[in-house]
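If you read the protein sequences in the order shown, they are chains A and B. Numbers 1 to 268, taken from our numbering, label the letters of the first sequence in order. Numbers 1 to 311, taken from our numbering, label the letters of the second sequence in order.
No lab work stands behind these hints, which were simulated from the structure alone. Check before you lean on any hint, since a few could be wrong.
[Stated by the list, open to error] Just a sample of chain B residues kept apart from chain A, beta carbon distances all over 10 Å, derived:
| # | residue |
| --- | --- |
| 1 | Arg-57 |
| 2 | Trp-228 |
| 3 | Met-302 |
[Stated by the list, open to error] Now the stretches of chain B that chain A is said to cover, found in silico as 3 or more residues with beta-carbon under 8 Å:
| # | region |
| --- | --- |
| 4 | 33–41 |
| 5 | 58–71 |
| 6 | 275–281 |
[What the hints assert, rightly or not] Under 7 Å between C-beta atoms, here's a sample of chain B residues computed to sit facing chain A:
| # | residue |
| --- | --- |
| 7 | Ala-75 |
| 8 | Ala-78 |
| 9 | Pro-89 |
| 10 | Gln-152 |
| 11 | Thr-230 |
| 12 | Ala-267 |
| 13 | His-269 |
| 14 | Pro-270 |
Quick caveat, the model's predicted, so the values are computed rather than measured. No residue lacks a Cβ here, since even glycine has one placed at the ideal position from N, Cα and C.
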Amino acid sequence: MPEGKGQGPTTRDRRALAHQIPSFIPVHLDTPTHPKSNLSSGEAGAPGFLRSKDSPDYALLNQLLYEGNAKEVERLVREALADGRPVDEVLNEGLIAGMSVVGEDFKYNILYVPEVLVAARAMKTGLAVLKPVLVASAAENPPRGTLVIGTVKGDLHDIGKNLVCMMAEGAGFKVIDLGVDQTAEQFIDAARLHKADIVGMSALLTTTMPYMKVVIDEFQKHPDLASIKLAVGGAPVNRMFAEEIGADGYGPDAPSSVEMFLGFVNAA
Amino acid sequence: MKLPPRIRIIGELINNAYARARRAWETRDLAGFRALARLQAEGGASALNVNIDGTQRLSVSTGEMLDFLPQLIPALQAETDVPLSFDNPNIEYHRTALRAFDRSRCRGKPIFNSLAASRQRLGEMFELIREHDLRCIVMASEKFLPGGGTGQSLDPRDSYETVKRFVDRLVSEAGRSLDDIIVDPGLAPVGADTYGLVNIGLDTLRLCAADPHLAGLHFSVGLSNFAWGTPREAKPLLERAYLTLAGRAGLDMALANVEQNAEPLPADHPLVGRLESALQEGRVINGESVEEAGFRQAAKIMEICTDYIEA
Numbered sequence: 001m002p003e004g005k006g007q008g009p010t011t012r013d014r015r016a017l018a019h020q021i022p023s024f025i026p027v028h029l030d031t032p033t034h035p036k037s038n039l040s041s042g043e044a045g046a047p048g049f050l051r052s053k054d055s056p057d058y059a060l061l062n063q064l065l066y067e068g069n070a071k072e073v074e075r076l077v078r079e080a081l082a083d084g085r086p087v088d089e090v091l092n093e094g095l096i097a098g099m100s101v102v103g104e105d106f107k108y109n110i111l112y113v114p115e116v117l118v119a120a121r122a123m124k125t126g127l128a129v130l131k132p133v134l135v136a137s138a139a140e141n142p143p144r145g146t147l148v149i150g151t152v153k154g155d156l157h158d159i160g161k162n163l164v165c166m167m168a169e170g171a172g173f174k175v176i177d178l179g180v181d182q183t184a185e186q187f188i189d190a191a192r193l194h195k196a197d198i199v200g201m202s203a204l205l206t207t208t209m210p211y212m213k214v215v216i217d218e219f220q221k222h223p224d225l226a227s228i229k230l231a232v233g234g235a236p237v238n239r240m241f242a243e244e245i246g247a248d249g250y251g252p253d254a255p256s257s258v259e260m261f262l263g264f265v266n267a268a
Numbered sequence: 001m002k003l004p005p006r007i008r009i010i011g012e013l014i015n016n017a018y019a020r021a022r023r024a025w026e027t028r029d030l031a032g033f034r035a036l037a038r039l040q041a042e043g044g045a046s047a048l049n050v051n052i053d054g055t056q057r058l059s060v061s062t063g064e065m066l067d068f069l070p071q072l073i074p075a076l077q078a079e080t081d082v083p084l085s086f087d088n089p090n091i092e093y094h095r096t097a098l099r100a101f102d103r104s105r106c107r108g109k110p111i112f113n114s115l116a117a118s119r120q121r122l123g124e125m126f127e128l129i130r131e132h133d134l135r136c137i138v139m140a141s142e143k144f145l146p147g148g149g150t151g152q153s154l155d156p157r158d159s160y161e162t163v164k165r166f167v168d169r170l171v172s173e174a175g176r177s178l179d180d181i182i183v184d185p186g187l188a189p190v191g192a193d194t195y196g197l198v199n200i201g202l203d204t205l206r207l208c209a210a211d212p213h214l215a216g217l218h219f220s221v222g223l224s225n226f227a228w229g230t231p232r233e234a235k236p237l238l239e240r241a242y243l244t245l246a247g248r249a250g251l252d253m254a255l256a257n258v259e260q261n262a263e264p265l266p267a268d269h270p271l272v273g274r275l276e277s278a279l280q281e282g283r284v285i286n287g288e289s290v291e292e293a294g295f296r297q298a299a300k301i302m303e304i305c306t307d308y309i310e311a
């Protein structure tokens, strides 16, 4: 995109910000999606400090995830589990809270795209450690919701969609990524099969964008799919268009899309 | 010092992703469009891309585009004789633009941008290209599926097959010479490349360049894609380093912003080697996922950006 990052801070500014951590992180954690309980750990002291065994330093874990330090994230997640912390606590306060700061800072041009990817890698490394435990306790800890997502028929552009997938996963959603070039039928089949709460459609071209309406119209023909929220996004899409075609929501960028998804499932 | 090959630039400023173009579009300001044409012609563009499609900030309907082309094309031609490149996947856009286009005021063949496996009415596009004696851009990044249908190409051998198929049809059905055909091997944001598309594009370029039957083809990429999402200070250097690597593989054109000094970096510039090794990191090893390699590539790219901004 020729206009790219707009007025975002320079890397030098960002370095300066990073040195203010840990006080820096709780500021961003102050959003409704985060448990307030871990904010106090931000006062604990310099990075590297791990508090007593009955209170893991989730602020440090958040910070390491933010920096994309996959090895250390993995180590701290293992330690927290070994210390007997509940898996959903490690997931929510350690990983999801950290990734949501990443999303927030990406939205405000403090983080760049490659940094988001590196953080996503650290997130995935941590998730891989949690996964067996999560699977074992899946019945008690269902995901925040299930998102079926893909780019619509004729459209092969999926960078934005992929960012949404990573961030939605980071926010605790079960994400079914259908990939590119999906027909209305494919969206509907996947929504049924995976019992989707949300179906996300992406398009980068004005020529493929109208197909979103086709998908929405098809969903509306099936009463059993009526409770599924239909969201659209992608470069040429805007709110006006989303409303015109009867979408339930519009995501101008990846972080806003995930906020919208959270809004859907919290309201349900 | 070995000088890298020169890359000819197709100027991309007439595109609503640029604020200047968007402002001109919103008021249908022909003087604004003429200024963009002049600026790019004077900046050395070998063709001017004409894209008036919508963006995230702006809805544009096909009807609005078709309504404006009959005024826009003569206005651009009044400003410069640099060939125009008509950029839209819809054939009606090209028909309307060509009706308004005066070939006698243009110093070369205009460009049809672009052909791709997934385009509707490909046969009619070939016919239009033949009838108006156009050059054309062919996207190698989509493939024809065996049972009909199309898909994204995630293997350079598939992209290479797509190129050969288009070249055959353009020669036989549209009367093109290889010099008329510009292949876009595909270029993705290097810092968010979880499918390995940058390497796929470069490998496609190498496969085509090694095929004697394809000698004479031209190759172009959409350059501003490459550094998308990286710090603005690092973008021009990353793009220029890419041009050096791609130029070595056979690239001779790029859709780019002429204001950005879009010339290849000298081959011995340290950034060229660093980008090369970052892309090497993006290649899959030991049965890992492509995504994992893409993460590694992203990390290397960010290291490069940070080092160069601080230097």
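Hints not upheld, ascending by number: Going through the list in order, the structure violates hints 1, 2, 3, 4, 6, 7, 8, 12, 13, 14 and respects the others.
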